[in-house]
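Student: In case you want the letters, here they are:
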Amino acid sequence: MNARLARKKLVVVTGKGGVGKSTLSVTIGRLLAGKPWSRRALVLETDPRESLHQLLGVAPSGGAIVPAGTRLRIQNVQARAVHEEIVRERVRIAALARRIVASPLFQHFTAAAPGLNELAVLVHAYRLLQGRKADVVVLDAPATGHGLSLLAAPQLVADVISGGPVGELARELANFVADPERCGIVVVTQAEEMVVQEAIELIASLKTRLGTRPELVVVNALYPPLPQSASPHAPADALRLWTARRRANEQELVRLRAAWDGPRVDLPLVPLERGPALVGALAEMFGNPGR
Amino acid sequence: MKLPQALDRRLLIVVGAGGVGKTTLAAALGMVLARAGADTLVMTFDPSRRLKDALGVGRVPVDTPGALHASLLDAQTTFDGLVRRYAPDGAAATRIFENRFYRHLAGSLAGVLEYMAVERLFEVARDSQFQRIILDTPPTRQALDFLQAPERITEFLASDTLRLARRSWFDPQGNLRLARLGPVGRKIAKWLDTLVGLDLLREVAEFFQAFGPLYDGFRERAAAVQKLLRARETGFILVTGPGAERIPDMLFFARRLREAGHDLRLIIVNQVHPVVAGQPSLEPGEESDGLRLLAWLGEHHRRGLDELSKVLGPKDPWVSLPLLPETPAGLPALEALGTTLFDRISQRF
Numbered sequence: 001m002n003a004r005l006a007r008k009k010l011v012v013v014t015g016k017g018g019v020g021k022s023t024l025s026v027t028i029g030r031l032l033a034g035k036p037w038s039r040r041a042l043v044l045e046t047d048p049r050e051s052l053h054q055l056l057g058v059a060p061s062g063g064a065i066v067p068a069g070t071r072l073r074i075q076n077v078q079a080r081a082v083h084e085e086i087v088r089e090r091v092r093i094a095a096l097a098r099r100i101v102a103s104p105l106f107q108h109f110t111a112a113a114p115g116l117n118e119l120a121v122l123v124h125a126y127r128l129l130q131g132r133k134a135d136v137v138v139l140d141a142p143a144t145g146h147g148l149s150l151l152a153a154p155q156l157v158a159d160v161i162s163g164g165p166v167g168e169l170a171r172e173l174a175n176f177v178a179d180p181e182r183c184g185i186v187v188v189t190q191a192e193e194m195v196v197q198e199a200i201e202l203i204a205s206l207k208t209r210l211g212t213r214p215e216l217v218v219v220n221a222l223y224p225p226l227p228q229s230a231s232p233h234a235p236a237d238a239l240r241l242w243t244a245r246r247r248a249n250e251q252e253l254v255r256l257r258a259a260w261d262g263p264r265v266d267l268p269l270v271p272l273e274r275g276p277a278l279v280g281a282l283a284e285m286f287g288n289p290g291r
Numbered sequence: 001m002k003l004p005q006a007l008d009r010r011l012l013i014v015v016g017a018g019g020v021g022k023t024t025l026a027a028a029l030g031m032v033l034a035r036a037g038a039d040t041l042v043m044t045f046d047p048s049r050r051l052k053d054a055l056g057v058g059r060v061p062v063d064t065p066g067a068l069h070a071s072l073l074d075a076q077t078t079f080d081g082l083v084r085r086y087a088p089d090g091a092a093a094t095r096i097f098e099n100r101f102y103r104h105l106a107g108s109l110a111g112v113l114e115y116m117a118v119e120r121l122f123e124v125a126r127d128s129q130f131q132r133i134i135l136d137t138p139p140t141r142q143a144l145d146f147l148q149a150p151e152r153i154t155e156f157l158a159s160d161t162l163r164l165a166r167r168s169w170f171d172p173q174g175n176l177r178l179a180r181l182g183p184v185g186r187k188i189a190k191w192l193d194t195l196v197g198l199d200l201l202r203e204v205a206e207f208f209q210a211f212g213p214l215y216d217g218f219r220e221r222a223a224a225v226q227k228l229l230r231a232r233e234t235g236f237i238l239v240t241g242p243g244a245e246r247i248p249d250m251l252f253f254a255r256r257l258r259e260a261g262h263d264l265r266l267i268i269v270n271q272v273h274p275v276v277a278g279q280p281s282l283e284p285g286e287e288s289d290g291l292r293l294l295a296w297l298g299e300h301h302r303r304g305l306d307e308l309s310k311v312l313g314p315k316d317p318w319v320s321l322p323l324l325p326e327t328p329a330g331l332p333a334l335e336a337l338g339t340t341l342f343d344r345i346s347q348r349f
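If you're matching them up, the sequences are chains B and L in order.
Residue 123 in my numbering sits at position 123 of the first sequence, with consecutive numbering throughout.
Residue 121 in my numbering sits at position 121 of the second sequence, with consecutive numbering throughout.
What the hints contain is simulated information worked out from the structure, not anything from laboratory work.
Treat each hint with caution, since some may be false.
[To be verified] Computed footprint of chain B on chain L; a stretch qualifies when at least three of its residues, placed anywhere within it, have a C-beta under 8 Å from a C-beta of chain B: (1) 244-252; (2) 289-295.
[Stated by the list, open to error] Here are a few chain L residues that sit away from chain B, every Cβ distance over 12 Å (derived from the structure): (3) F97; (4) D171; (5) R186; (6) E203; (7) L228; (8) S346.
[Stated by the list, open to error] Simulated restraints on C-beta separations: (9) B:A178 x L:A277: 40 to 48 Å; (10) B:T212 x L:D127: 55 to 63 Å; (11) L:R219 x B:I65: 26 to 34 Å; (12) B:S38 x L:R186: 54 to 62 Å; (13) B:S38 x L:K227: 57 to 65 Å.
Nothing here was measured: the structure is a model prediction, and the numbers come from that model.
In this text, a Cβ means the ideal position worked out from N, Cα and C, and glycines have one as well.
Using the sequences provided together with the hints, build the complete structure.
Tutor: Here it is, written out as structure tokens:
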């Protein structure tokens, strides 16, 4: 965990599906909440099928903020709930607000208008920070393509809606997301061909579309280096699989290095089930990358 | 080679979460089907470079007994093609292409990418040149977006939003017609202007009006696509990764597929670590880290498969495929993978 990342208000964790984004989001949240940073961290999840709670061994969020350790909390947030909250605030009459939110017109508009759902998630994070409900929000973002749309949403909405409160809020968020002091992007990948390719493309689009770069790239699930001399009773099949997988990992790391020379953390495949013990082990390695 | 019954459908749609090897399996399947003599098309979104080179996307078809064709899907191109097809004339199409709202929408509207995949499937399904078609779906986490895309587009097109939006809200001078309705109308117009800006509304209204003539063709098409996804000639292959932690997601998706009336032909548990022979110790320090890890992964995946065989019913045909040392990229490797798949299926059923 580098000091620059530890200072952020919002940490957006993104990458291709299945690379361990949620596990890394929770790991980063746990590190920020722990010593020496001691920040009140909230990990936000947008996937309607909850999984963060399993990684921390707590009850599912169901939309509420749930304590998950010292200074650490989690929440599952759905764009629709945020839209509804905003309408309720603008339209003070509860019955009227309910009718607006329940109308097909409202539902279709918020579901279909480009950028609105992604914007809602960021609005939610932003408000939590403004209201000092948390010192730092870690956002377990949707997979790459959607992750990029999420980060691009404020600018998109600000471009389309030039004036009024919605436009102003979008512009404020666009500034927030583009500010490297306040917002950090973490790209999670694995040293496999297609996954590395997607990470390289994501880094390139962050630059061309948003004029920004990741704060950190995490390479997850590496096979361990081969020993100097193979154990005499090592089964040949296993040795062959390990050798080939490790060699592929190393080749992909070379390719990644050519496209990304910034901070990087490499994490090994760990023989632990998905759960609190795995998060603990990763946090320890993440915290002491020199190990 | 005899075609396993589980795969005996003209259209095979490969679905599943990201990172489980869907694209490679779709290519391997295409390779063995072509080898068995069927003219086969593999449609994919995002192949690796090596896979793209091997399949010859956009190049001469591969030389097998049946021809193997491969095509790369591009949502924006497909959407533009649809607009061109249903626009009454070139000017109407141009009006849509130039609309700021369309340019943003085509890339960001929820489900557009997914819808365009099925749209292309519909297109090629009518082409009798292909005896087999395999569609690799976009990597959405649950892949449900993909299946719901035609419904969502149809619903949106039929909604009040569109009916309202297609009315002419602005007069030729670009003023909101509401403002003519006296003080109340002017007040509403002003409120709208301060909330989102009238420029945006004007552009949205223009978009929907330009889209109007395309509306019926588009909606019929979406309905036809829905029907195709449930047709007898269409079968689904669900690909998942190993490990017991993936089972709930997989079961959830299998159930949703069936509830929606789709024909789930086969579940493939892919990339299973083999059990390490000689059972190396799992205790730290007694074996090298790598062997211990492989032994743990082999054991972990074996337990996952055991659990799966307990929870899956007799109506769920499934097979597992081992993790290969090298990711298959060339045609011979793809064919070997496809052959392994066929063998596993015929061993089970």
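Student: For every hint, state whether the structure bears it out.
Tutor: Cross-check of the supplied hints:
Given a C-beta distance limit of less than 8 Å, the hint that chain B covers the stretch 244-252 of chain L holds, as 3 residues qualify and 3 suffice. Remark: the stretch 289-295 of chain L is confirmed as covered by chain B, as 7 of its residues place a Cβ nearer than 8 Å to a Cβ of that chain, reaching the required three. Non-interface status of L:F97 relative to chain B is upheld: no Cβ of that chain comes within 12 Å, the nearest being about 16 Å off. For L:D171, the non-interface assignment is confirmed: its Cβ lies about 21 Å from the closest Cβ of chain B, beyond the 12 Å cut-off.
Every beta carbon of chain B lies more than 12 Å from that of L:R186, the smallest distance being close to 17 Å; the non-interface claim holds. Distance check on L:E203: its Cβ comes as close as 8 Å (rounded) to a Cβ of chain B, failing to clear the 12 Å threshold; non-interface status is violated. Distance to chain B confirms L:L228 as a non-interface residue, since its nearest Cβ pair spans about 23 Å, more than 12 Å. The Cβ of L:S346 sits about 24 Å from the closest Cβ of chain B, beyond the 12 Å cut-off, so the non-interface label holds.
At roughly 54 Å, the beta-carbon separation of B:A178 and L:A277 lies outside the given 40 to 48 Å, and the hint is violated. The hinted window of 55 to 63 Å between B:T212 and L:D127 is violated, with their beta carbons roughly 44 Å apart. Hint check: L:R219 to B:I65, Cβ distance near 42 Å, so the stated range 26 to 34 Å is violated. In this structure the supplied range 54 to 62 Å holds for B:S38 paired with L:R186, their Cβ-Cβ distance being about 56 Å.
The hinted range of 57 to 65 Å is satisfied by B:S38 and L:K227, whose Cβ atoms lie roughly 59 Å apart.
This entry does not satisfy hints 6, 9, 10, 11, going by the numbered hints stated previously.
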